[in-house]
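Undergrad: These protein sequences, in sequence, are chains A and B. According to my numbering, the first sequence holds residues 1 to 308 in order. According to my numbering, the second sequence holds residues 1 to 108 in order.
Rather than coming from a laboratory, the hints here were simulated on the basis of the structure. Take the hints with a grain of salt, since some may be wrong.
[What the hints assert, rightly or not] In silico lysine-lysine, DSS-like type, Cα no more than 30 Å apart, as pairs:
(1) K192(A) to K99(B)
(2) K82(B) to K213(A)
(3) K100(B) to K118(A)
(4) K3(A) to K99(B)
(5) K82(B) to K3(A)
(6) K284(A) to K100(B)
(7) K99(B) to K216(A)
(8) K206(A) to K260(A)
Small disclaimer: the values here were computed from a predicted structure and weren't measured.
For reference, the chains in residue letters:
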Amino acid sequence: MDKIYDIIIIGSGPAGLTAAIYTTRANLKSLIIAGAKWGGQLQLTTIVENYPGFPDGIQGPHLMTAMRKQAERFGAQILDTDFVSGDFSKSGGPFKVRAGDKEYEGKAVIIATGADTKWLGVPGEAEKIGHGVSSCAPCDAPFFRGKNVVVVGGGDSAMEEALVLTDFAQNITLVHRKDSFRASEIMQKRVKENPKIKILFNTQVKEILGDQKVEKVRLLNNQTNEESEMPIDGLFVAIGHIPNSKVFEGIERDERGFIKVQDHYRTNVEGIFVAGDIHDAEYKQAVTAAGFGCAAALEAQWWLTGMK
Amino acid sequence: MADLTFTDQNFEGEVLKSESPVLVDFWAAWCAPCRIVDPIVHELAGEYGEKLKVGKLNVDENPNVSQAYSVMSIPTIMLFKKGQPVKSVIGAQSKENFKKAIDEVLAS
Chain A
1 MDKIYDIIII GSGPAGLTAA IYTTRANLKS LIIAGAKWGG QLQLTTIVEN YPGFPDGIQG
61 PHLMTAMRKQ AERFGAQILD TDFVSGDFSK SGGPFKVRAG DKEYEGKAVI IATGADTKWL
121 GVPGEAEKIG HGVSSCAPCD APFFRGKNVV VVGGGDSAME EALVLTDFAQ NITLVHRKDS
181 FRASEIMQKR VKENPKIKIL FNTQVKEILG DQKVEKVRLL NNQTNEESEM PIDGLFVAIG
241 HIPNSKVFEG IERDERGFIK VQDHYRTNVE GIFVAGDIHD AEYKQAVTAA GFGCAAALEA
301 QWWLTGMK
Chain B
1 MADLTFTDQN FEGEVLKSES PVLVDFWAAW CAPCRIVDPI VHELAGEYGE KLKVGKLNVD
61 ENPNVSQAYS VMSIPTIMLF KKGQPVKSVI GAQSKENFKK AIDEVLAS
């Protein structure tokens, strides 16, 4: 039966693909369930300037394509279908994993499904996704040429969304609920120095208004409790991510949804390891995810070969 | 049916006046998720054969159609039946999700 693998890696961001590079080079028969949206969050970015080895930066999608090729070069089998379910009840494995309409078996599993956009959850948002509400400025910014947009958030992603939009939009208002950003100093500096970007601290989005598309946003200043409406054409959400952990029945998670890591990237089920943003609530960087992927792959390899 | 290229010019004839339902893949060269969807759309074209007309529309080169249907995020896959947009799927999705949308439109 050719559906039995030494290791099944679920996810194809920096964590999953780095894990795959290590497991295949260790001569483990490796299956990567990459998902239809393979490549993870970096597929939704432009230039990545903090991944070591690229002094001039590298486009996020290019970096992911390169990582994928590197894993494939050593024999990783990559499936561009979504993970459906897994039977992780038997401690020590083997584990049955369903992807698309097929079933596979792995002696060990690495979960590296990362995290997805966290939306605001305010009235008017869900139905306008794709009609002015977006979480991907590099994908959608050109539709807002000469328009007025709002970006919500205070981290590096929010800074990047705002900066990408400056190439197209007329005015960008960066809205953040706290009184300072948590983004890196270099990104904050670029945002603050850009004349197209206006910053509103202590401000929350209450509602997105408009008939078919985004027309206005209702804002609340959480210091003065003053509400105001601003006419806009687009709203970009960059307030963080939610770990994609719901589908992994039997694997322990914390109250925020992050998978609980035991020592050395193990989960509560022996033989199932974890890497990247699915467990990492602290760093959430491409390079840390890649590092976690490497560590989980080595741990899985040692566990499989009884070396540890 | 093989992948076609839709434009502002041929949209009425190829899509709106089409006998069979039509899948339009709104895309642009700068859009990374569009590159993920591209091979899926190609496979769908092969699988549905004569039942579904499939084509791509470049949003940069064809602003009129894109604006007429309020496309503000890509990839957007829009399904047309008898000249009307009846369903749209926004963002990169699994092939199964696209098939579900197509099957619903074909069955309606």
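Undergrad: Going back to the hint list, which numbers does this structure go against?
TA: Of the numbered hints, 1, 5, 6, 7, 8 do not hold.
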